[in-house]
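Read top to bottom, the protein sequences are chains A and B.
Sequential numbering from 0 applies to the first sequence in numbering that gives the first Met the number 0.
Sequential numbering from 0 applies to the second sequence in numbering that gives the first Met the number 0.
Just so you know, these hints were derived from the structure itself, not from any lab.
Keep in mind that a hint or two might mislead.
[Stated by the list, open to error] Just a few of them, taken from the derived set where beta-carbon distance is under 8 Å, the chain A residues facing chain B: (1) F163; (2) L195; (3) P196; (4) L199; (5) V241; (6) L245; (7) L248; (8) I251; (9) N252; (10) E253; (11) Y269; (12) S283; (13) N284; (14) W288; (15) T293; (16) G306.
[Said to hold, decoys possible] Pair by pair, the computed Cβ-Cβ distance ranges are: (17) B:D91 with A:D243: 31 to 37 Å; (18) B:D70 with A:T209: 41 to 47 Å; (19) A:H247 with B:R146: 47 to 53 Å; (20) A:G115 with B:D70: 42 to 48 Å.
For glycine and all other residues, C-beta sits at the position ideal for the given N, C-alpha and C.
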Amino acid sequence: MFSLRLPIPLEKTLITSLPKTSTTYSAYSGMTRFQVCHRYLSNSITKRGTSVVAFQDEVDGEIFVDAFQDEADGEIFVDEDFLEVDPLPVELQPELMPKHVAVIMDGNGRWAKMKGLPTSAGHVAGTQSFKWIVKLCYSWGIKVLTVFAFSMDNWIRPKVETEFLLNLFERSILSQVEECKRKGIQISVIGDTSKLPKSLKSMIANAEETTKENPKFQLILAVSYSGKYDVVQACKSVAKKVQDGLLHLEEINENIIEKELETNCTEFPYPDLLIRTSGELRVSNFLLWQLAYTEFFFNKKLWPDFGKDEFVEALSSFQNRQRRYGGRH
Amino acid sequence: MDFRDGAHNLYHIIVAIGYLGLQLLWYFMQIIVSVWYHISIVGKLRYLAVVIESEEAHQTSKVIKLLQWLDSVGVKNVCLYDMNGVLKKSKDTIFQIMKNAKSIEEVNEDVTHHAPDHMTLEFVSYVDGKEAVAKAANLIFVENFKRHDIGGELDHQILLESHLNQALQIVGCKGPEPDLLLVYGPVRSHLGFPPWRIRYTEIVHMGSLNFMRYGSLIKAIYNFTKVRHNYGT
Numbered sequence: 000m001f002s003l004r005l006p007i008p009l010e011k012t013l014i015t016s017l018p019k020t021s022t023t024y025s026a027y028s029g030m031t032r033f034q035v036c037h038r039y040l041s042n043s044i045t046k047r048g049t050s051v052v053a054f055q056d057e058v059d060g061e062i063f064v065d066a067f068q069d070e071a072d073g074e075i076f077v078d079e080d081f082l083e084v085d086p087l088p089v090e091l092q093p094e095l096m097p098k099h100v101a102v103i104m105d106g107n108g109r110w111a112k113m114k115g116l117p118t119s120a121g122h123v124a125g126t127q128s129f130k131w132i133v134k135l136c137y138s139w140g141i142k143v144l145t146v147f148a149f150s151m152d153n154w155i156r157p158k159v160e161t162e163f164l165l166n167l168f169e170r171s172i173l174s175q176v177e178e179c180k181r182k183g184i185q186i187s188v189i190g191d192t193s194k195l196p197k198s199l200k201s202m203i204a205n206a207e208e209t210t211k212e213n214p215k216f217q218l219i220l221a222v223s224y225s226g227k228y229d230v231v232q233a234c235k236s237v238a239k240k241v242q243d244g245l246l247h248l249e250e251i252n253e254n255i256i257e258k259e260l261e262t263n264c265t266e267f268p269y270p271d272l273l274i275r276t277s278g279e280l281r282v283s284n285f286l287l288w289q290l291a292y293t294e295f296f297f298n299k300k301l302w303p304d305f306g307k308d309e310f311v312e313a314l315s316s317f318q319n320r321q322r323r324y325g326g327r328h
Numbered sequence: 000m001d002f003r004d005g006a007h008n009l010y011h012i013i014v015a016i017g018y019l020g021l022q023l024l025w026y027f028m029q030i031i032v033s034v035w036y037h038i039s040i041v042g043k044l045r046y047l048a049v050v051i052e053s054e055e056a057h058q059t060s061k062v063i064k065l066l067q068w069l070d071s072v073g074v075k076n077v078c079l080y081d082m083n084g085v086l087k088k089s090k091d092t093i094f095q096i097m098k099n100a101k102s103i104e105e106v107n108e109d110v111t112h113h114a115p116d117h118m119t120l121e122f123v124s125y126v127d128g129k130e131a132v133a134k135a136a137n138l139i140f141v142e143n144f145k146r147h148d149i150g151g152e153l154d155h156q157i158l159l160e161s162h163l164n165q166a167l168q169i170v171g172c173k174g175p176e177p178d179l180l181l182v183y184g185p186v187r188s189h190l191g192f193p194p195w196r197i198r199y200t201e202i203v204h205m206g207s208l209n210f211m212r213y214g215s216l217i218k219a220i221y222n223f224t225k226v227r228h229n230y231g232t
């Protein structure tokens, strides 16, 4: 879904000098098909036998990576293809699908380090896994997907990395807003946006406004988010209502606070299933209030390596478990 | 015949000695492993939370056995949680048997820094989670409005994370954030454990309390000691 439109220097991409192939693919207007790279020396940012088709803008030389070709059957995946419905695997039961899945996309940096690549390459590779999971959730009847894109705790990372991440995020969303609107995907963003660049804030507001009508599927992006921040801002909202005379102090209880949490932007605010990759076994300040009865699925794969098979495993595990909600909901 | 009887008896004696020797070796190895785990754990696992599914929490003898195992490996600070407060009702029984255990309310100093001569037990249920946060928030609002009534400023933005932390202490939620949370029950969920306390807590599902194993417990705790926390970096 999110194309890899990155104006990054060629030496920092994964593209090596390989001869062009005769793969037929209609290039974008004003662009030259640059090359097709097959797994560039085992440092592929794709998985399971796909190649990257890269394009270079004829005017400014900017490099775009916009398509992937499956090496087994030659099928090409482009941005327009991602929302083609993927059939539900036979091992999953449609009536037992979770309504809301939350994902902590962990492991991009470690993945890049393992492959001897810069951290940025890991984040780029991670967008493909993200693309996959959005497509699969959309295809398989899951109503809400919440992803932990950027934590409030991540601000302590090097500025170069945070700027790259936010830039990647901005470009990815910007390029897909109209497509999301067309397909009925509502984009919502939760988190403390006060620290975000103005352009990103503006883009978020535009994306939310553009995609809010008639949604079939909701994608919630947690950016600069913290579970504790969510609770605190909910309490502040409650305090404002008391000050404005809309609420009495005696009426304040957990239900009142819950209604003010940022996940109130969806009909299904409580995740049924939380997936975290890279083998870490914690929630890292994500949706603290909302996870009371959420099933946890911790997977050892690093996020760029998390694909359809792993997602099916998570959903299968969820469907096989006994959920009781502790007698309270 | 006498020779045969003698050989037979000698055989039995050798087998018995061998069996005794193997048992002694096994106990010796257990002691070595326990001491090694104890050394690995001390200082790294400062506070452990145990979540038990309420139906299984009625098995007080198993809960006590679990606590005894934890005590034996040097885990001295334990928070016991079940949603419906079953463990709170078993508190007296547990303290009768765990004679070296004290309640967290009795410990004045920082609970993670007390002398290791006793266990500290905290009993928590659903009301100490979200409901406690609501009470804490209410406390802050009441204080704020009181100040406004006597001429102070009314500022709904005054509420910060640190204020909630302090207010939670006042309403009785004194326990720190656990380093590790073990879940006993059929569901891989923390079942409403106080959300304010699990930001960076490692969560491990242990299966049903009916099938708890000492080895699994040690393994879970030991694996925790090998974890490197990034805290967002």
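Evaluation of the provided hints:
no., hint, result
1, F163, "15 Å, violated"
2, L195, "17 Å, violated"
3, P196, "19 Å, violated"
4, L199, "19 Å, violated"
5, V241, "6 Å, holds"
6, L245, "12 Å, violated"
7, L248, "6 Å, holds"
8, I251, "5 Å, holds"
9, N252, "5 Å, holds"
10, E253, "4 Å, holds"
11, Y269, "11 Å, violated"
12, S283, "6 Å, holds"
13, N284, "4 Å, holds"
14, W288, "5 Å, holds"
15, T293, "6 Å, holds"
16, G306, "22 Å, violated"
17, B:D91 with A:D243: 31 to 37 Å, "47 Å, violated"
18, B:D70 with A:T209: 41 to 47 Å, "59 Å, violated"
19, A:H247 with B:R146: 47 to 53 Å, "18 Å, violated"
20, A:G115 with B:D70: 42 to 48 Å, "47 Å, holds"
In terms of the numbered hints stated before, the structure departs from hints 1, 2, 3, 4, 6, 11, 16, 17, 18 and 19, listed from lowest to highest.
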